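J.: Those protein sequence lines, which keep their order, are chains A and B. Counting in this note's numbering, the first sequence runs from 254 upward without gaps. Counting in this note's numbering, the second sequence runs from 20 upward without gaps.
Think of the hints as simulated: they come from the structure by calculation, not from any bench. No experiment lies behind these values; they were computed from the predicted model shown. Don't take every hint at face value.
Straight line, CA to CA, 30 Å or less: simulated DSSO-like cross-link-like pairs of lysine-lysine [stated by the list, open to error]: (1) A:K435 <-> B:K108; (2) B:K30 <-> A:K435; (3) A:K437 <-> B:K84; (4) A:K737 <-> A:K711.
To spell it out: a stretch of chain B is covered by chain A in this simulated footprint if at least three of its residues, at any positions, have a beta carbon under 8 Å from a beta carbon of chain A; those stretches are [said to hold, decoys possible]: (5) 71-81; (6) 86-93; (7) 97-106; (8) 176-185.
In this text, a Cβ means the ideal position worked out from N, Cα and C, and glycines have one as well.
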Amino acid sequence: MKLTGAEILCESLTRLGVKDLFGYPGGAILPVYDALGKSKLHHVLVRHEQGATHMADGYARASGNVGVAMATSGPGATNMVTGIATAMLDSSPVVCITGQVSSKLLGSDAFQEIDITGITMPITKHNVIVSRAEDIARSVREAFVIANTGRPGPVLVDITKDAQQASAEFDWDAAVPKLPVKRKQKSYDQAEFDRAVELLNTAKRPLILAGHGIMVSGATKKFAEFVKAANIPVAMTLLGIGCFPADEKLNLGMMGMHGEAWVNHAIQEADLLIAVGMRFDDRVTGDLRTYAKTARKIHIEIDRSEINKNVPVDAALVGDAREILEQLEPHIVSREHGDWLARIAEMKGDSAVRDIQSLPDNGHLYAAHVINDIWKETNGNAIVVTDVGQHQMWEAQYYHHNAPRSLITSGGLGTMGFALPAAIGAKFAKPDSEVWVVAGDGGFQMTMCELATIVQEKINIKIAIVNNGFLGMVRQWQEFFYDKRYVATPLVAPDFAALANAFGIRGERVSNRTDSINTIRGAREYRESVLIDFRVEQEDSVYPMVPAGKGLHEMIRRPNNPLVETATEP
Amino acid sequence: MQTLVAYVENKPGVLNRVSSLARRLAINIDSLTVGPTDNDQIARMTIVAHTDAKGGHRLEASLEKLVDVLLAENISERSLLERDLALIKVKADQQNRPHLMELIKVFRGRVVDVAPDSLIIEVSGTVDKIDGLIEVLRPFGVLEMARSGRISMTRGGDLLQPPPQEQAA
Chain A
254 MKLTGAEILC ESLTRLGVKD LFGYPGGAIL PVYDALGKSK LHHVLVRHEQ GATHMADGYA
314 RASGNVGVAM ATSGPGATNM VTGIATAMLD SSPVVCITGQ VSSKLLGSDA FQEIDITGIT
374 MPITKHNVIV SRAEDIARSV REAFVIANTG RPGPVLVDIT KDAQQASAEF DWDAAVPKLP
434 VKRKQKSYDQ AEFDRAVELL NTAKRPLILA GHGIMVSGAT KKFAEFVKAA NIPVAMTLLG
494 IGCFPADEKL NLGMMGMHGE AWVNHAIQEA DLLIAVGMRF DDRVTGDLRT YAKTARKIHI
554 EIDRSEINKN VPVDAALVGD AREILEQLEP HIVSREHGDW LARIAEMKGD SAVRDIQSLP
614 DNGHLYAAHV INDIWKETNG NAIVVTDVGQ HQMWEAQYYH HNAPRSLITS GGLGTMGFAL
674 PAAIGAKFAK PDSEVWVVAG DGGFQMTMCE LATIVQEKIN IKIAIVNNGF LGMVRQWQEF
734 FYDKRYVATP LVAPDFAALA NAFGIRGERV SNRTDSINTI RGAREYRESV LIDFRVEQED
794 SVYPMVPAGK GLHEMIRRPN NPLVETATEP
Chain B
20 MQTLVAYVEN KPGVLNRVSS LARRLAINID SLTVGPTDND QIARMTIVAH TDAKGGHRLE
80 ASLEKLVDVL LAENISERSL LERDLALIKV KADQQNRPHL MELIKVFRGR VVDVAPDSLI
140 IEVSGTVDKI DGLIEVLRPF GVLEMARSGR ISMTRGGDLL QPPPQEQAA
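Please construct the entire structure, taking both the sequences and the accompanying hints into account.
T.: Listed below in structure tokens is the structure:
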């Protein structure tokens with residue numbers, strides 16, 4: 254069957270199981286858009302190509318399947334860069350398809366020509382330029398395989414306009430992926446495995462560090478079995494949240510810069526860390542010289558280049574988390590960790606006293622209360638998509654996630670503006686799930702144009718803006734480390750509720766604690782999208798905080814009376 | 020200094036991916052040579068990098084993550100044969116030419132071009148040996164020099180072969 258390159262692309266995407274894709278048309282991708290119109294694929298018109306990549310990313314994170322973003326050449330492609338890098342740093346399977354000028358014009362600085370494969374080389378898992386119609390089907394199939402095998406990541410396929418227009422024989426069976434045959438990745442030998450088992454069974458104060466890799470590997474069920482069989486407490490990375498239910502007694506919560514105090518202390522007191530699908534990022538370890546000095550380390554990780562990168566380990570098991578946990582579990586002998594669990598419970602009790610939730614209502618609205626209210630009202634069952642900053646950390650602390658893939662957040666790159674578009678993608682992946690955006694007033698203004706996409710697509714998303722009138726996390730650093738010199742952090746925002754109305758979305762505003770629950774309830778009952786502007790305490794800070802370069806045990810704790818020490822009248 | 024051997028797909032852009040990766044890891048490349056293998060789809064690289072064993076491991080493991088890299092191996096700790104090739108153009112007049120020839124002979128170099136005022140010397144061997152020859156040639160006046168960069172191979176039965184590829188349809 255003879256098809257144009259553009260038709261081959263649409264047919265290939267359909268056969269790969271794609272239903273929705275996110276993009277923005279332009280000259281060099283127009284043949285594909287013409288073919289899209291005749292296909293069964295649903296194209297979501299975004300308002301900025303960065304949004305398209307975040308949507309594809311949100312789609313991928315919510316579903317585990319490849320998300321697809323599309324843009325034209327030149328500025329369309331360069332606008333994708335931030336979204337691609339976001340997906341790269343968080344190992345998210347995204348395929349980006351960009352139009353390119355015709356092959357005879359390549360290298361001529363033609364209108365809207367840019368070397369996007371050159372630009373994205375360090376921020377993609379792989380990229381490729383396709384200049385023949387007959388190569389499109391195979392290249393797209395290969396892109397999907399690369400994006401979602403091993404450690405996932407973004408792949409960019411740049412297709413010249415003449416390849417989209419030319420005709421070629423379409424033979425799906427012949428277009429099987431033909432990737433280079435690589436040497437089998439170096440894994441681990443029996444001695445390494447035995448060493449891990451020995452460490453596991455002799456530890457008195459073991460702690461599991463659970464990361465995103467557990468979800469990616471589809472290991473959540475196995476992981477829960479393993480944890481219970483070994484009776485070892487679990488600390489989570491930001492992206493690991495959801496891999497093990499928050500309700501479980503052995504789940505201690507988040508570790509790291511804004512991790513729970515008892516978790517960070519437990520890491521510093523442990524005699525064994527079992528890291529699963531996490532990469533000892535600097536936001537997780539703090540100062541490496543003082544990190545977990547008394548602990549031996551086992552690292553279960555699919556990416557060999559992560560082994561000994563930041564933290565030297567005693568046993569490295571390179572491979573798929575689920576398979577390795579399956580092999581380890583039958584070897585667990587020792588599960589008596591009563592003294593250790595009692596010690597952690599003691600530290601936990603001390604922290605609860607300082608928790609803002611335990612302090613009396615002083616009439617002020619705190620972000621932590623807002624998050625806690627959303628958690629309670631949604632019974633912890635929503636997919637929450639956050640932006641980056643203080644609200645992101647409060648979400649991680651106060652929304653207790655039980656289900657995998659229910660927290661979607663930019664961890665590695667820390668991309669402000671991520672939440673709204675990523676939530677749109679998540680909603681397309683999980684149309685029956687309740688999706689909440691939790692964003693700050695700063696990040697939300699970066700991509701709020703996508704409100705129009707929500708309206709055009711008639712989708713139902715609830716948006717909570719944690720509005721403190723500051724670029725809050727930067728302000729917090731200025732408060733702690735720059736003597737409260739608030740340079741470029743006080744932030745003017747539009748009336749978000751009125752802005753939502755202008756887009757055709759219901760807008761609400763909440764300024765005190767008593768209105769919070771009712772407004773959230775009302776928003777949930779409403780069948781369409783709702784935006785709620787929560788006017789929260791302006792100068793509240795995220796606690797605990799491990800200052801950059803300090804050890805995990807050197808946390809700044811919440812002052813006993815936050816009002817006296819930090820607050821100003823809103 | 021760490022020495023790595025890599026087998027890569029022989030196609031445009033692969034060298035860029037490899038060198039770009041080293042740059043991203045902030046590892047300075049001392050020399051990088053690429054040449055064909057007996058399979059024209061596959062090229063072999065020898066990479067000599069200014070880094071420690073930890074950096075060598077990171078580079079090896081990161082290289083293998085590239086789709087186009089079939090195999091990467093840090094061979095720094097293995098028993099190796101290393102060769103560098105140099106062409107050195109040196110000033111030579113009637114008076115000092117015999118003396119020069121003596122020195123070249125000691126280093127097992129060859130004179131491959133003779134002009135009234137200069138010679139081109141070809142020499143191959145370890146980096147130390149070539150550096151040694153250059154040192155003794157310097158007083159005569161080194162006019163120009165081209166060096167190939169290092170190629171390396173593990174000795175004896177320690178084989179580094181590319182994984183067999185499927186036949187192209």
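J.: Does each hint fit the structure? Answer for all of them.
T.: How the hints compare with the structure:
Distance hint between A:K435 and B:K108 is unfulfilled; the C-alpha atoms sit about 43 Å from each other, more than 30 Å. A distance of roughly 16 Å separates the Cα atoms of B:K30 and A:K435; the hinted pair therefore holds under the 30 Å criterion. A distance of roughly 11 Å separates the Cα atoms of A:K437 and B:K84; the hinted pair therefore holds under the 30 Å criterion. Between A:K737 and A:K711 the CA atoms are separated by roughly 44 Å; this puts the pair beyond 30 Å, and the hint is violated.
Residues of the region 71-81 of chain B with a Cβ under 8 Å from some Cβ of chain A number 5, which satisfies the need for three, so the listed coverage holds. Counting residues of the region 86-93 of chain B whose C-beta sits closer than 8 Å to any C-beta of chain A gives 5, which meets the bar of three, so the coverage hint holds. Closer than 8 Å: that is the beta-carbon criterion, and the region 97-106 of chain B has 0 residues meeting it against chain A, so the requirement of 3 is violated. Proximity of the region 176-185 of chain B to chain A, defined as three or more residues with a beta carbon under 8 Å from a beta carbon of that chain, is established by the 4 residues found.
Hints 1, 4, 7 from the list above are not met by this structure, while the remaining hints are.
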